[in-house]
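*Asks:* As given, the protein sequences belong to chains A and B, one line each in that order. Position 96 of the first sequence, counted from 1, bears residue number 96 in my numbering, the numbering being contiguous throughout. Start counting at 1 in the second sequence, then tack on 10000, and there's your number in my numbering.
It should be emphasised that the hints constitute simulated quantities derived from the structure, not laboratory data. Just so it is clear, the structure is predicted and the values come from calculations on it, not from any experiment. One thing to keep in mind: the hints can contain errors.
What the hints assert, rightly or not - One side only, chain B facing chain A, incomplete, derived with CB under 8 Å: (1) L10590; (2) K10623; (3) T10678; (4) S10684; (5) F10781; (6) V10859; (7) G10950.
To be verified - Some chain A residues flagged as far from chain B (calculated, every beta-carbon gap over 12 Å): (8) D34; (9) E41; (10) V108; (11) G138; (12) L181; (13) T203; (14) N253; (15) S316; (16) Q411; (17) I421.
Note that beta-carbon positions come from the ideal geometry of N, C-alpha and C, so glycine has one too.
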Amino acid sequence: MTEFVKQKMNRTMKNRNSVILIALLMLGLSSCDDFLELTPEANLTSVTFFKSENDFAKAVNGAYEPLRGMYTANAWLVSEMHSDNTRYRYNPNFRATLDQESLNDFTVLPTNTLMRDNYRAHYLVIARANQILSAIDGVDFDAAVKNNLKGQALFLRALAYFNLVQYFGKIPLHLVPSTSLADVALPLSEVSDVYAQIISDGTTAASLLPDKSVQQPGRATSGAAKTLLGNVYVVLENWSAAETVLKEVVTSNKYSLVPSYADVFLTTNKNNSESVFEVQYRQGQDGYSSNFIYPWLPMPMTAAEISATFAKYGVSPTGIAAQTTEGYNIPSLDMVAAYEPGDERKAASVGTATAGGVDYPLIIKYLHPHTSATLTDDNFPVYRYAEVLLLLAEALDEQGKSAEALPYLNQVRDRAELADIVSTANLRDVIFNERRVELAFENKRWLDLARTGRAVDVMSTFGASVKANPQAYYFPPGQQPVPSAFTQIDLTFPLPADEALLSPYF
Amino acid sequence: MNKNFTFHNKGAFLWGFLLIAMLSHQLVFAQNSRLSGRITDTDGAVIPGVNVVIKGTSTGTSSDSNGAYALDIEDQNATVVFSFIGYTTQEVPVNGRSNIDVVLQSDIQTLSEVVVVGYGSQFEKEITGAVQQLKSDELRDIPVAQMTQKLQGRLAGVQINQNTGKPGQGMQVRIRGQISLVAGSDPLYVVDGFPIVGDISNINPDEIESISVLKDAASTSLYGSRAANGVIMVTTKRAKAGITSIDFSAYYGTQVVPEKGRPEMMNGQEFAQFKKESAEDLGNTPDPAFQNPAQYGDGYDWYGGMLRSAPIQNYSVSLTSSNEKASTSAVLGYFNQDGVLKNSGFERFSLRINTEFRIGEKVKFGFNAAPLFSNANTPSTDGAFYATNQNASIPGGLLYNALLTWPILPYQNPDGSLPLTSYIPGVSAFPAPNWYRTLTEVTNETKTTRLISNAFLEFELVKGLSFKTSINVDLGNSRFVNFKPTTTSEGFAAPPPPNLSTSIRNNSNYYSWLNENILTYNTEFGDHKINILGGFTAQRYRMDFSQIRLTDFSDDRIETIQSAANVDRAQPQGVPAPQTRDDIQEWSLLSYLARVNYSFKGKYHLSVSVRRDGSSRFGSDNKWGTFPAVSAAWNVSDEEFLSNIEPISTLKVRASYGTVGNNNIGNYTQYATVSTTTNAIFGSTLAPGASRTALGNTSLGWETTKSVDVGVDLGLFDERISLVYDFYQKNTTNLLYSLAVPQESGYANFNGNIGELKFWGHEFTLSTRNTVGKVKWRTDFNISFNDNEVVALSDGVNRIYGGQNGYATLTQVGKRVGQFWGLIQDGVYVDQADFDSSPKAAASQVGTVKFRDINGDGVITYGGDNDDRTYIGNPFPTTVFGLTNNVTFNNFDLTVVLSGTDGNSLAVMTDQGATNLDGVFNVLREVKDRWRSAENPGSGKYGKTTSATGNERDWLHSRFISDGANITIRNITLGYSVPVKKTFINNVRLYTSVQNLYRFTNYRGPNPEVNAATGGDQSAVNATNMGYDWATFPVPVTYTFGLNASFK
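Use the sequences and the hints to build the structure in full.
*Replies:* Here you go:
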């Protein structure tokens, strides 16, 4: 080989190598940005979501979703169990129960996880509503559909804030979605500001939402928004405003009482003529079922005891197993005694369960046939037309229009097969007690006690009674409530410690 | 093969295979005239393993354990080269002789071994960073499934914990105390230059030639964004030039759970007595079951009943061959370990083939492939008793449940049949399955196949300048099947059997490919030596996962999908995703890297490097990061002024500074993801829902560690004593953290860069050759002192609570990371006067546990604004040490490895159940001494049984904390090299070994190295929830007998 050829070959080799190298480098560089752009395939992202009518329809459905968990897991604990309506059955063998018991015994600490979970679930609804409301006006689609979706989001936000402000008092008021570390926490808003927002949201919702006759059953309606507003005005003691808005519900003629009280709650009668708003469940293994009747059994109970109890009420799911923890939300003797003789609602609401040879009261208004144990089909009522009537009666009575109030009150009593009230004497107390029995176990009792200024008296008396006779309140021999029980009746819960740790504002 | 011993064990088939291989080998090579001899050192001691090569060829051999060698030579005028690390190479002309004995001179200069570093290798002398290398032959004979287990106690500044005894699992490696709050803290594993996915737990240790640990940022910075936790470089076996050999190794052993550390629970009689007294204290009549405690005697030891002695065995054959054109090495391995918990085991078949081909002097290319298959059955342990045990990722606490089962109940009937349950209806608080059946009848099988393979091409463009391109692929498939028959139950307080049978099964497929293109240029002129490296790499990973949960199978014996009646699509509380689901995970990484190494006169070394990484894991504003490093070393002992100081044979000082990153925060965390599972129901109609469920962060960026290292390497008296010292300090900034945010926002976490941690430490490695000559005794000691401090947390974050299930840790500026945060127990309220005069919690009573009122407000509060909690323990050791002694005498060798830690404590979470005074569980024997009355107040540790024990059980306090300091006899091996005569046998060595023989410790649990998660999922452990012990799978003592043989 000549020197010339060698040189040339070397040069070509070098050139070729350089070409390869450069080609590889270019390959790396040119696709650089795409190469590093990997979006999740198992989830959507906000980059691609909130772009169409369909997206917002899904987002609104997503805003309802937290209600399911809230009403099974903790809503009844912070309300019904936090009152004189129900008790727990102390189980000395199962003591992972302090959070539940302390709600019932009025020894609630800021570290209570159930109260915390309830707080957080409400804010989850609010955050999802905020996501919708902040973006929906930026996307162009059919105005009627958009109004309906906005109305539902506003209703859910108002409902959530209404519960929160009643349970906790001053709270952070989030009206736009949090997007960074800077805006995840807000200062506490004054109670009056929260109410102003609830009224604003509720009013707008009432104007945007269709009425019950055209809305898909189960969704928020203009009637639901007005009922909520009526309730808000009652709590604020703005009686005339309450009267106005509740009368609109009544005169809309979209609602009527179901003839039999027991039928109101039937799983075969969901979203019936009396239903204003209820949390929706569907039995089955796919995660949409309710289960609240199970923690309300006076546990511990054997499988045979549960089967026998259920059988009395025509309920026989498969897979009943022993329940060994502690029973909650067991109607107190005081609650059972609150029904007037002849009140049909008593038999429809309270039954008995036999556990360890002892009979305990059992809430049966939500005990209905279901296929598999713990996967129940029952919805949970938030607002019923009966409550609209009672709120209206209260609003009228408080304005001195007691006679006007009577027909509304008596509609409810008639359905319960009770005699009409004809005297307006003590009508405030009559309506109050009517609410207790009509709306028993619907998470109304504590808020009624708190808003009417009766909480301290009623709960102190009740507490003395529990402490005087613990065995009548489902304590086994030798056991009683902790010494600090019922010694301090607070009208609101402390803000949850886990949130306080994270928020700079409280 | 020596006929004086025979081989009895299950590896007989491999043995037969080997004989055939040896015979055929003999046929090929037995020819020509023969040269033999013996190689000794200047003290007359034989030197095994000396390379003996005919100069100018690749023909060669190595000396056996007697220092003898034999070699066939064709050319009687050839020159034979004798070389061995640590000795001066000798060239001896044959001159027609048939016997040449050689005395090799020790040479401290050549002690400079070649050390594998990032993107290349360097002579030890030239290394400027903090790197420690171990050869596999220093680690032989240790009977464990994975390489990292062998490294325990061997590496300064590297803490290696065996968190659990689950076969084939459970090693946690932390280099220089490195922890990240949530981004992973595991080092990066690089196998033959390829950063692999995950760790090396399922790589056969027999495939590994050497391990290098890169500790400081200067050494690791070429791995850029993944190097913050240090890098472990694994080099697999290559053929040595001119040598063809076959190696065989086998061991067989037995594993036994030691008595020490087993929880001391009440026996049958003691438990019945406890229950009887509890009823009496309440004024009730004891249940008939407890009225006559003596009838139960010892009762049933549920914990012990779950355990067994179990065999462990390993066989591997490797073949290496090399000539001018090609070299090949192949390792075939089989490992089988039954677990000491019944129905557990791990089995692995593995093969690795490394090849390299050379065309002329300028082109090299090669293919390497390492397929493996493993099959593990792992019972659901290592979690709390209430862990759900219904999900693959939350295995639950089977062993914990067994521990708590009443000892008056049998797990096995006298006739050998197994009860279905372990509770007394109407007496026990909860129904319980027979945990023994759950252990033995539930399937929890993971079958994994993995292939790590690569191909490379390297060619010299001009003299000194070469280009290497490689494609590396790591791919794997893992299939998990859990099947619970009707005779078992999913967990604590779950419905008792018979139950619906359930099954979870999932399948995960991943691949990761990496393309690297590297140019290197080497040149030397005058006193200057320069090495320049530059290149770019691209890597991409994708995993496809799918899982299904099934219920109600028609028959316990058939586990197929079609025999299940239902698919369960629900998402139980506490489980992060629906049980039946798909998932896809991807990440990608692009990198540019460059490095210059410069040496002057072989005495002064400087290295400068930089890597720029772009990662798909970060927000659009912060995708790219740059990681520079600089380091220098000075071989002081090469200077004139030290040459007269006799004792000093080596003195080198090193210093480095560099920046590395950490991107282990998971994929897609920068996105505000929208979940499509938030469906609603209206009427009975399903309405599909979607909700934004995560806060996005477009500025999510690199967690960066800046690290300084100063080191000294000192050798004295011809390297009889060598000392390596390093001081380091690392500052990790922009800590990646999934920060808990107020949920008023609707979100639980924000993935951000939130603060700064500081780590520092001193590391010493002292190696001494105490005696040389006939008895050789070598000691290696390493000790490191590490600590950490939180320097800053970003605005709005003043403290971070971690911990598990409400048992908290606190991370706060100015303090160490993840410290146990709880109350201090001050005895019990002895009597009414004590109660009245002491601070109390809401649920306190006379006879319940008393806590210290830290904030002095008169009320005991756990959490919230008036918290009485304080620091009660540090889960991170401040001292980590190891000591290895190796003695050889004639044909015997003895190695003893100790290791241990100091300064760390653990939270004994088994106390949550085992000291529960409600009487629902069996309890610790010492609960006998509890408060029963003012006159009988007990030891002051435990309160009364007649009230809720919620506070003392659910509030983390000082009684849970136990000192974790320990010295562990890690391994003792006694070996004997059998004198062999036949020429095709290089050497035969027999040994016996004990692993984890004994722990000297005050820790009251079984394993002070434990780090477990409430749900039993080890990957859930991070810096903020370390040191929790939830009754994990015991780590056994392993006794083995083994054999190594090599043939040529």
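*Asks:* Run every hint past the structure and note whether it holds.
*Replies:* Quick rundown of the hints versus the structure:
1. L10590: For L10590 of chain B, the interface hint holds, since the closest Cβ of chain A sits about 6 Å away, which is under 8 Å.
2. K10623: This interface hint holds because 6 Å falls under the 8 Å limit.
3. T10678: holds (4 Å)
4. S10684: holds (5 Å)
5. F10781: violated (45 Å)
6. V10859: violated (11 Å)
7. G10950: Since chain A brings a Cβ to about 5 Å from G10950 of chain B, closer than 8 Å, the hint holds.
8. D34: violated (10 Å)
9. E41: E41 of chain A not clear of chain B: closest Cβ-Cβ about 4 Å, inside 12 Å.
10. V108: The assertion about V108 of chain A is violated, with a minimum of 9 Å to chain B.
11. G138: At about 15 Å from chain B, G138 of chain A clears the 12 Å cut-off, so the statement holds.
12. L181: violated (5 Å)
13. T203: holds (24 Å)
14. N253: holds (22 Å)
15. S316: For S316 of chain A, whose nearest Cβ neighbour in chain B is about 17 Å away, the distance exceeds 12 Å, so it holds.
16. Q411: holds (26 Å)
17. I421: holds (36 Å)
Comparing the model with each earlier hint shows violations of hints 5, 6, 8, 9, 10, 12; every other hint is respected.
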